[in-house]
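*Asks:* Just remember that my numbering sits 1 ahead of the position in the sequence shown, which is counted from 1.
FYI, nobody ran anything at the bench for these hints, they're computed from the structure.
Glycine is no exception: its CB is placed at the ideal position from the N, C-alpha and C atoms.
Do not rely on the hints blindly, as some may be mistaken.
[Stated by the list, open to error] Distance condition first, Cα-Cα at most 25 Å in a straight line; then the derived SDA-like pairs of lysine to any residue: (1) Lys-410 x Arg-400; (2) Lys-103 x Gly-123; (3) Lys-383 x Tyr-318; (4) Lys-410 x Pro-305.
[To be verified] Computed beta-carbon distance windows for the label pairs: (5) Arg-87 x Lys-217: 41 to 51 Å; (6) Gln-403 x Arg-87: 44 to 54 Å; (7) Pro-95 x Lys-353: 50 to 60 Å; (8) Lys-259 x Cys-379: 39 to 49 Å; (9) Gly-89 x Glu-340: 36 to 46 Å; (10) Ile-157 x Tyr-338: 53 to 63 Å; (11) Glu-372 x Tyr-338: 38 to 48 Å.
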Amino acid sequence: MLTSIVGINWGDEGKGRMVDLLSEEYDIVCRYQGGNNAGHTVVNDRGKFILNLLPSGILRENVVNVMGNGMVIDLEHLHHELQRLRDGGIIITPANLKISDKAVICMPYHRLLDCLEEDRLGDAKYGSTRRGISPVYGDKYMKKVLRMGDLLHRDIYTAILENLVAYKNLIIQNVYGSEPVSYEEMLQWLDTYAAEFKDYITDVSLYLNQAEQEGKKIMFEAQLGALRDIDFGIYPYTSSSSTIAAYAPVGAGVPNLKLDHVIGIMKAYSSCVGEGPFTCELFGAEAEALREAGGEYGAATGRPRRVGPFDAVASRYGIRIQGCTEIALTKLDVLSYLEEIPICIHYELDGKIIDEFPYPALLTKAKPVIETVKGWHCDISKCRTKEDLPKEALDYVRRLEQLAGCHIKYVSVGAERDAYIIL
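Between the sequences and the hints, there should be enough to build the whole structure, so can you do that?
*Replies:* See the structure below:
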């Protein structure tokens, strides 16, 4: 069985929490795109963990975790992330963590270039996390990167690095007027982490194909959401990789395999980190109350997230792009403080009511059309069955299901592993 866990909206929907929960039924969890530019927060009996690069299945002892070829990996960040988990009692070895030899390495000069370009853009910046993601993906398609498999052959990566540093310094010095990076420092950086990770690097494609033939259950974990996809998102305010489920087998190294299930993760309201159009955004005290209730601060950056009511137009689009077979609704409990709950059911664009998500450049002119439903105004964090939910809470879920056009199977009412309901 092959299942992909994906985000429906702008990211930060709670994918890590659901992967941690559902991975109990799987043998392998594989991240297939992105880098350390977003975070998955998981709370379990061992504590609270923030994962940027590692698959969220890493917190289960019986799950093998895979970092696929579609990822870009900052070795220094991965080193520290592994150390934090080990300090928290998590055992990580080459037996339960496998890194694709074809995954791309995000170098320190990629981080530098990310910062230089965001600074150059000024008020027109894209809202980058300044972690080198856009520059390294650009270099990937320019065929000017090192890959994890290169770390197994020092003579190869030293030769490649020399050319890469010379090329990058042309841009760093002549475009941005900044100080050049040192080849010797970059080589020392690689040498340090090559020694640490060489035993984890493998042909992930071969491993996953063999696992599938043996009947193993494989879960693919996405980063961010449909609206941050490089092709189908709110371009150019997107990530630099494909966040959609259809890319999962490609980014994992098994393009020959077909998905059986796509579980879309969707919040009971909307949140957004970074720049770009956000049609249903709330402001002022109303936004601050929702942000505080939901703890809406970026796991990777700590930035306050922009928040708003559930957006049916954007969610339907995300569900279609992802090809969802079912939905997991997260953070329903956050809305318990509200006596009335707003929902964005349409957009108004150029004086017309629309139900389809428009071309991204037009989003700045779109306005939300809001309906209000009655809230339940009580704590639902202890609810574990549909019958436990107040009528108003269940009515709200059913209304979102109707608007989204896809079955909501799971409802999360808290951060803990057992704080969910199956409908």
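*Asks:* Indicate, hint by hint, whether the structure satisfies it.
*Replies:* Here is what the structure says about each hint:
| no. | hint | verdict |
| --- | --- | --- |
| 1 | Lys-410 x Arg-400 | holds, 14 Å |
| 2 | Lys-103 x Gly-123 | violated, 34 Å |
| 3 | Lys-383 x Tyr-318 | violated, 32 Å |
| 4 | Lys-410 x Pro-305 | violated, 29 Å |
| 5 | Arg-87 x Lys-217: 41 to 51 Å | violated, 26 Å |
| 6 | Gln-403 x Arg-87: 44 to 54 Å | holds, 46 Å |
| 7 | Pro-95 x Lys-353: 50 to 60 Å | holds, 57 Å |
| 8 | Lys-259 x Cys-379: 39 to 49 Å | holds, 44 Å |
| 9 | Gly-89 x Glu-340: 36 to 46 Å | holds, 39 Å |
| 10 | Ile-157 x Tyr-338: 53 to 63 Å | holds, 57 Å |
| 11 | Glu-372 x Tyr-338: 38 to 48 Å | violated, 19 Å |
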